[in-house]
Every structure is written in C-alpha cells, then in structure tokens.
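Student: Just so we're aligned, residue 173 is where the sequence shown starts under this note's numbering, counting upward by one.
Derived by calculation from the structure, the hints in this document are not laboratory data.
Treat the hints with care, as some may be off.
What the hints assert, rightly or not - Below, a list of computed lysine-lysine pairs in the DSS-like style, where the Cα atoms sit at most 25 Å apart:
{"no.": "1", "residue 1": "Lys265", "residue 2": "Lys307"}
{"no.": "2", "residue 1": "Lys291", "residue 2": "Lys307"}
{"no.": "3", "residue 1": "Lys187", "residue 2": "Lys200"}
{"no.": "4", "residue 1": "Lys230", "residue 2": "Lys246"}
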Amino acid sequence: MDFKELGLSDEQSAKITEYVTGEVSKAKEGFKDYVSQEDLNKSIQSETDKVRTEYSKKLKDATDELNKYKPVEKSDGEIEMEKRLKVLEDKEKEVAQKEKVMNISNKLEERGLPKQLSKYLVGAEDLETSMAEIKELFNNAQIQNGFKPDSHKSKEDSITKEQFQKMGLMDRMNLFKTNQELYEKLSK
C-alpha cells in the first residue's frame with residue numbers, strides 16, 4: 173500500500189514504515205520462544221535417550237554389583253563335601269541327643285525313678301524341678317495305691333495251734349491254699 177494515496181507526506185510514511193517494521197521485529201522476537209513441533213519431538217527424543225542411557229548404565233552397574241555377591245557355581249567335590257558335612261552334623265546332633273537321654277536316665281535312676289521316663293524329660297527346661305515333681309507324684313501314687321487290707325480277720329477266723337493239730341490232712345491243705353502265712357506259722 174502506498175501512503176501517498178492516504179495523503180501522507182514522505183516523512184510521515186517513513187515514520188509509519190519504521191514503526192510497523194519495529195513492531196513486526198518485536199513480534200518476531202516474541203515468537204522465537206515458541207518451538208516448532210518437529211523441534212519439540214527432537215528435544216523429547218533427545219531427553220528420552222539420555223534417561224534411557226542413564227538407566228541402562230545404572231542397571232548394568234547394579235547387575236555387576238549383584239553378581240559380585242552371588243555365589244560361584246560349586247564343584248562336584250564341594251557339593252559332596254557339604255553333603256558329608258551335613259551327615260556328620262546330623263550324627264553329632266543324634267549323639268548329643270542320646271548323651272542327654274543317658275544323663276537324664278542316670279539322674280532318674282539316682283533318684284529312684286524309672287529310667288524310661290528320660291525320653292519324656294529331654295525337652296524339659298528345668299530338669300531338676302521336673303524330676304522333683306515326678307518323684308513327688310510317684311511317692312504320692314505309691315502311698316495311695318499301697319496295700320490296704322480289705323477286712324481284718326476276726327478271732328473267730330483265726331486258728332490256734334491246738335485247733336491246727338486236730339485238723340485233718342484235707343483241712344491243712346485248704347489252710348495252706350487260703351492262708352499260707354498262717355499255715356507256716358502254725359506248723360512250726
């Protein structure tokens with residue numbers, strides 16, 4: 173467009189051209205901050221590649237570090253030796269267990285208790301207390317289950333020496349079968 177058609181002087185049209193050119197330059201400067209889609213995609217790809225490279229490096233370092241602590245494959249000799257060691261340890265445990273049972277059996281025998289109880293006392297935490305309790309239980313059981321006569325013989329059932337001498341052979345045999353102690357006492 174020609175500014176002369178508007179009736180403007182050369183000086184005025186130069187100033188307007190200068191002003192418009194300045195404003196366009198300013199606008200172009202403002203648009204420099206905006207990036208094209210292609211440039212944006214390139215930038216994103218570049219940053220993604222950087223992150224992926226860094227991640228791969230860290231993953232490799234971590235894998236290498238893990239492999240340092242991973243046990244090395246064992247040879248057949250090492251595996252065989254470990255098996256033998258395990259068998260030996262199991263035997264030691266078994267011997268220790270038997271020794272413990274033997275010690276407990278001896279202690280039970282010293283206290284006058286049955287040795288067969290030892291297998292039940294192997295796991296006891298306080299062995300001495302457990303044995304004392306068992307001894308007390310056995311003593312109480314013996315007292316409660318001791319001999320208790322059912323009935324006392326009256327004088328009518330007792331036989332004197334004279335009556336014994338008057339008895340016949342069959343009566344004496346019956347007395348021997350029923351009350352051997354009395355028979356032996358009277359036959360002396």
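Student: Decide, hint by hint, whether the structure agrees.
Tutor: Each hint tested on the structure:
1. Lys265 with Lys307: The hint is violated at about 29 Å.
2. Lys291 with Lys307: Holds - the C-alpha atoms of Lys307 and Lys291 are around 16 Å apart, at most 25 Å.
3. Lys187 with Lys200: OK: Lys187 and Lys200 at ~20 Å, within 25 Å.
4. Lys230 with Lys246: Measuring from Cα to Cα gives roughly 29 Å; hence the hint is violated.
The structure fails hints 1, 4 (numbered hints given earlier, in ascending order).
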